[in-house]
Amino acid sequence: MAALFLVWLGAFGAAATGRRNLSIVIGLIALILSLAMFRYHVSDNITLSL
Amino acid sequence: MVRLFNGVGALVVFSVVFGAYGIQFIFLEPPCPLCLLIRIGMIATGFGLVLNALFGPRPLHYGFALLGCVFGVIVSLRNIALHIVPGTGSYGDAVFGFHLYTWAFLVFMAMIIAIAVVMFFQRQFDETGEDAPKIVNVVAVIALSVGIFLAAANAFTTAVECELGPCPDNPTRVL
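Quick note, the sequences are listed as chains U and L, same order.
Per the numbering used here, the first sequence starts with residue 23, numbered consecutively.
Per the numbering used here, the second sequence starts with residue 378, numbered consecutively.
What the hints contain is simulated information worked out from the structure, not anything from laboratory work.
C-beta: ideal position from N, C-alpha, C; glycine also.
Any given hint could be a false lead.
Stated by the list, open to error - Distance ranges between label pairs, derived from CB positions:
(1) Thr-465/L / Tyr-62/U: 30 to 36 Å
(2) Ala-530/L / Thr-39/U: 16 to 22 Å
(3) Leu-55/U / Ala-487/L: 42 to 48 Å
(4) Val-447/L / Ala-38/U: 33 to 39 Å
(5) Met-378/L / Leu-55/U: 14 to 20 Å
(6) Arg-41/U / Val-462/L: 45 to 51 Å
(7) Leu-55/U / Pro-436/L: 39 to 45 Å
(8) Phe-526/L / Asn-43/U: 21 to 27 Å
(9) Met-486/L / Leu-57/U: 42 to 48 Å
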């Protein structure tokens, strides 16, 4: 999960250096990884998926 | 003017994450994995708005912010659904009558509506932004700085709480 925030940090860093397209690409990758992490935490056993 | 609106909007979204940090450290409530994903939704939404504030309004930036909102809505609805059955308890204390994940859902829905309304104004996409007042650039840089700080701070606190991998389902450590 911390690695996900680091990817978002990279997206903000790219935006800060003026590389708009790169920041959007990194942001989209971060969003897809976030979805994957959400899927990981969606369990059939709802007591385990807080 | 639209760039200023986006910068302020990003700061509003980021302030919600600061509020979550306040709950985490003042009331010593460790964030659950879904709560951290909701923060990511807020950061993603703010990121799209920061791009608008920095580089000028583009449909691509608004689309990115909307994707962040939709991600946040999905996660917060999942969190609400986990506790919607009477007797299944809740996660954390209520704030002004709602739990944080319910507030997050309302904030994401409000952002979707606000972004949709702002996108009605077509002429914003024709502006060059070269003659923008100084305050617009100042707010954009502040919003960008806050976003960088939040991403870095969350990376650090989450790494301390649950290292680089997935977080435990029922966290006990605040930091």
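If you test the structure against every hint from before, which numbers come out violated? Hints 1, 3, 4, 5, 7, 9 not satisfied by this model.
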